[in-house]
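Asker: So the chains spell out like this:
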Amino acid sequence: MIAGEQHAKGALLPGVVAVALTTAYLIALLAVEKQPLIIGLLALAIAAVLAANWLGWLAPVSRSFADREEPLAGLAIAAAFAVAVFFHDDHFVLLLVCTVLLYTVATLGLNIQFGYAGVLNFAGASFFGIGAYTSAVFNAHTAVPHLLVLLIGGLIAALIGSLLLLPVLRTRGHYAALVTIAFALLLKTFLEVNDVLGGPQGLQVKGMKIFGWSFNDNIEIGKISLSFYWSYFVVSMLLLIGAFILVRRLERSWIGLNLDALRLDETAANCFGLDVARWKITAFTLGNFLIGMAGALFGMIGGFVAPNNYTFADSLLLVSILLLGGIGNPWGLVVATVIVVVVPEKLQTIQEYRFLLYALLVIMVLLFRPEGLLPRPVRRYFPGWRP
Amino acid sequence: MTTTMTASTPLLEARGLTRKFGGVVALDRLDLAIERNEILGLIGPNGSGKTTFFNVATGIYRADAGHITFDGVETTGATSRAIYRAGVSRTFQRSRLSLPLSIFDNVMIGNHKRLNQGLWFNLVRRRAFKREFETNYHAARTLIEVFEPQLAGRMFEPVAGLPMIDRRRIEICRALISQPKLLLLDEPSAGMTHEETTALMDDILQIRTLNKNLAIVIVEHEMGVIERITDRCAVLNFGRKIAEGPYRQVAADRQVQEAYLGVA
Numbered sequence: 001m002i003a004g005e006q007h008a009k010g011a012l013l014p015g016v017v018a019v020a021l022t023t024a025y026l027i028a029l030l031a032v033e034k035q036p037l038i039i040g041l042l043a044l045a046i047a048a049v050l051a052a053n054w055l056g057w058l059a060p061v062s063r064s065f066a067d068r069e070e071p072l073a074g075l076a077i078a079a080a081f082a083v084a085v086f087f088h089d090d091h092f093v094l095l096l097v098c099t100v101l102l103y104t105v106a107t108l109g110l111n112i113q114f115g116y117a118g119v120l121n122f123a124g125a126s127f128f129g130i131g132a133y134t135s136a137v138f139n140a141h142t143a144v145p146h147l148l149v150l151l152i153g154g155l156i157a158a159l160i161g162s163l164l165l166l167p168v169l170r171t172r173g174h175y176a177a178l179v180t181i182a183f184a185l186l187l188k189t190f191l192e193v194n195d196v197l198g199g200p201q202g203l204q205v206k207g208m209k210i211f212g213w214s215f216n217d218n219i220e221i222g223k224i225s226l227s228f229y230w231s232y233f234v235v236s237m238l239l240l241i242g243a244f245i246l247v248r249r250l251e252r253s254w255i256g257l258n259l260d261a262l263r264l265d266e267t268a269a270n271c272f273g274l275d276v277a278r279w280k281i282t283a284f285t286l287g288n289f290l291i292g293m294a295g296a297l298f299g300m301i302g303g304f305v306a307p308n309n310y311t312f313a314d315s316l317l318l319v320s321i322l323l324l325g326g327i328g329n330p331w332g333l334v335v336a337t338v339i340v341v342v343v344p345e346k347l348q349t350i351q352e353y354r355f356l357l358y359a360l361l362v363i364m365v366l367l368f369r370p371e372g373l374l375p376r377p378v379r380r381y382f383p384g385w386r387p
Numbered sequence: 388m389t390t391t392m393t394a395s396t397p398l399l400e401a402r403g404l405t406r407k408f409g410g411v412v413a414l415d416r417l418d419l420a421i422e423r424n425e426i427l428g429l430i431g432p433n434g435s436g437k438t439t440f441f442n443v444a445t446g447i448y449r450a451d452a453g454h455i456t457f458d459g460v461e462t463t464g465a466t467s468r469a470i471y472r473a474g475v476s477r478t479f480q481r482s483r484l485s486l487p488l489s490i491f492d493n494v495m496i497g498n499h500k501r502l503n504q505g506l507w508f509n510l511v512r513r514r515a516f517k518r519e520f521e522t523n524y525h526a527a528r529t530l531i532e533v534f535e536p537q538l539a540g541r542m543f544e545p546v547a548g549l550p551m552i553d554r555r556r557i558e559i560c561r562a563l564i565s566q567p568k569l570l571l572l573d574e575p576s577a578g579m580t581h582e583e584t585t586a587l588m589d590d591i592l593q594i595r596t597l598n599k600n601l602a603i604v605i606v607e608h609e610m611g612v613i614e615r616i617t618d619r620c621a622v623l624n625f626g627r628k629i630a631e632g633p634y635r636q637v638a639a640d641r642q643v644q645e646a647y648l649g650v651a
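So the sequence lines, in the order shown, correspond to chains A and B. Those letters in the first sequence? Residues 1 to 387, per my numbering, in order. Those letters in the second sequence? Residues 388 to 651, per my numbering, in order.
Among the clues, some could well be false.
Facing chain B, according to a computed beta carbon distance under 8 Å, are these residues of chain A, among others [stated by the list, open to error]:
hint	residue
1	R249
2	A261
3	N270
4	C271
5	V378
DEER-style ranges, computed between Cβ atoms [unchecked claim]:
hint	chain 1	residue 1	chain 2	residue 2	range
6	A	R170	B	G578	50 to 60 Å
7	B	N600	A	P145	33 to 43 Å
8	B	Q480	A	I39	31 to 41 Å
9	A	S162	B	A515	28 to 38 Å
10	B	A515	A	T142	55 to 65 Å
11	A	P145	B	T529	34 to 44 Å
12	B	P550	A	G56	38 to 48 Å
13	B	G578	A	L41	32 to 42 Å
14	A	T267	B	E645	32 to 42 Å
Please keep in mind that the hints were generated in silico from the structure rather than gathered at the bench. Because the structure is a prediction, the values reported are computed rather than measured. In this text, a Cβ means the ideal position worked out from N, Cα and C, and glycines have one as well.
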C-alpha cells in the first residue's frame, strides 16, 4: 500500500458475498445431524478458508469490512435473523444462537478490558454469573421490569468488579491477572456456602416478561409456531447491537486512543498527561457492565443459575475466544464465538474433549497467527473518511 | 497563573536538586536555569545525570532534595501529568512510540490535554467529535509536513514500518503538538547516521523559527550538533554542574576536558 490516504475505497461486494456464504454455511451446519456429515462440513470450511487465503480473496473482504462497515453490519444482522427464521421452531438451535450472541457481548466486554486497556480479566465467567444471580434474585423477589433487571445485572457486576480495582491498579501484568483468578475462586466458594443464594444447588431464574407478555410461551402467528426462544433471540440481538456500537465508538474515539496508549507504554502515557488509573477504571467497569448484562439475560434464558455454571474454565473459554478472534477486533470476536460455541455442540463426539481442543486451537493460533483469525486493523476514526 | 512573568525569570529553575539511587548520587545539589526561548545543550559523560535530570524535571522520579520551579510555579514533586499540563514535553532516549498505532494516533497521544476526554462527548456526540478530529488531523498534518512532507500522506499507517529517523520525527511531533513552552530532547540522534542527524537538527531549527516561545533542552553526545544548534551549554559530571556558557567557551574549559577525557 503506497500512500495510505489515496487508496480506493473498498468495494461492498466482497463483504456481501462473504456474509452470504457464511450464513448459508451456518444454516447447513446447524441443520445437519449426522456426525460424518458435520465432520465433512467442518473440513470443508477449513479447506475453503485456507484456499481463499491462498488465492488472496480474504484481503478484499477485510477491506470491504473496513470501509463499508455500516451496510455490512446491517447485512450481518439480517443474516442472523435469516438463521433464526430458518430454525423458527427449533429450540435447540435458537438457544445455541442466543448463547453465541450473549457470549459475544461478554467477550466484547473483555475486549475493552484486555484488548484495549491491557487489563487481563480471568474472572469473566464470574461477572457473567453475577449478572445471572442478579436476574434470579430480582425476578423472584421484586417487581422490577425485566429489561431494567438486565441493566441492574450489568451495574452490579460493575460494582462488585470495583472491589477489584485497587489490587488491579496496584499490580501490573501477570499479577493483576492473578488477582482476578483469586477473585473467581473466592466468589465460587462464597456462592457455594451461601444458602441465601441457593448454595451449590443454585437458584431458579424466572423467565423474562415484558408488559405482561411472558417470553417462556411459544409464539403463534397464524399457522406458524415460533419457539419461545425467538423473543430471547430478539432481545439478545438488540443487546449485541448496542454493545457492538458502544465498543466501536469507544475504539474510534480519544478514549480508545487513551486505552491503547496506556496498554502499550504506561510511562509515556503518563508523560503526556494521561490519567492511567482513571482510564483503567473506565475500561474495567465498562467491560464488567457488558459482561454482567449478558449474564443477566443468559440467566433468564437458561432459567437456572448455580456456582458450577460459571467456573474458572468458563472464564478461560471467554479469554480463548478473545485470543482466537483477534484481540481488539469485534468482528473477529463474532467469528470466534461462533466457532467456540457451535462446533462442540454439533460435534457430539468431541464434547468430552472440548477443552483439550480449545487449548490446541489457542496454541495453534498463538504459534501461527498470533494476532488472531481477524487481526485488528489500524484505527480509523471514521471509516472511509478522506481529508 | 495570573501574574505575567518578567523576562528575567528563568523558564525552569532547579535549585539544589538531588536524586540518589541507593548509594549512587545521580544528581548532586544541581543548580540549573533554563531561560525562555533558548536552546540549551546538556552535556556530560555517561552517567553524569542528564537523563535523571529530565526524569526528575518531568516527574517520573521524585527529587530527594531541592526545588524546581517552572514558569514561576513550584513543580517539585508534581506528577508527570501536571508537569505536562503546565507545558513541558519530552522525547525519550530509547524511542517510546506506540508501534502498532498509526502516525496520527501517536501524535495525538501528545495532544491529550487539548482533546475533549469526556465519555459523553466521545461516545454520543459523534458530530462534535468529528469536528474536533478534523481540526486535529489538520494540525497534526501541518506539523508533520514541517519535518517530512512524505509522512503527511501516510497518517494512518502504523509507526512500526517506519525507519528510525521518521520515528524520531514523529516523537518530536508528539512532543510539539500541544505547543509546550519547554521541549526536552533526550539524545535525538541516537541510532541515526550522521546525515540523518543533520537533517533532524535542521528540522528542529525550523521549528524554532516557527515557534519563538519555545525553549529547548537537548541532551546530545554529538558535539557537532551541540555546537551548531545550541545558544548555551551546561556540563554535568557526577550529577553536578561543572561548567556553563557558550559551547566554545565550555569546550575549552579544563575541568570539562578532564571529565570527558579522564585526564587526572
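Asker: Confirm or reject each hint.
Answerer: Verification of the supplied hints:
Against a cut-off of 8 Å between C-beta atoms, the interface hint on R249 of chain A holds, since the closest Cβ of chain B lies about 5 Å away. Hint status for A261 of chain A relative to chain B: holds, with the closest Cβ pair at about 5 Å, below 8 Å. At about 4 Å, the closest approach between the beta carbon of N270 of chain A and any beta carbon in chain B falls short of 8 Å, and the interface hint on this residue holds. Against a cut-off of 8 Å between C-beta atoms, the interface hint on C271 of chain A holds, since the closest Cβ of chain B lies about 5 Å away.
The criterion of a C-beta within 8 Å of any C-beta in chain B is met by V378 of chain A, whose closest approach is roughly 5 Å, and the hint holds. Remark: the range hint 50 to 60 Å for R170 of chain A to G578 of chain B is contradicted by a beta-carbon distance near 35 Å. Distance hint for N600 of chain B and P145 of chain A: a CB-CB separation of about 59 Å, inconsistent with the stated range 33 to 43 Å. The hint said 31 to 41 Å for the Cβ distance between Q480 of chain B and I39 of chain A, and at roughly 57 Å that hint is violated.
S162 of chain A and A515 of chain B have their C-beta atoms about 30 Å apart, which keeps the hinted 28 to 38 Å range intact. Taken as a hint, the range 55 to 65 Å is violated for the pair A515 of chain B and T142 of chain A, whose Cβ atoms sit roughly 39 Å apart. At about 53 Å, the beta-carbon gap between P145 of chain A and T529 of chain B misses the expected band of 34 to 44 Å. Between P550 of chain B and G56 of chain A, the C-beta spacing of about 28 Å breaks the proposed range 38 to 48 Å.
For G578 of chain B paired with L41 of chain A, a C-beta distance near 53 Å fails the hint of 32 to 42 Å. Our hint of 32 to 42 Å for T267 of chain A and E645 of chain B holds, since their Cβ atoms are close to 35 Å apart.
The structure is inconsistent with the numbered hints 6, 7, 8, 10, 11, 12 and 13, although it conforms to all the rest.
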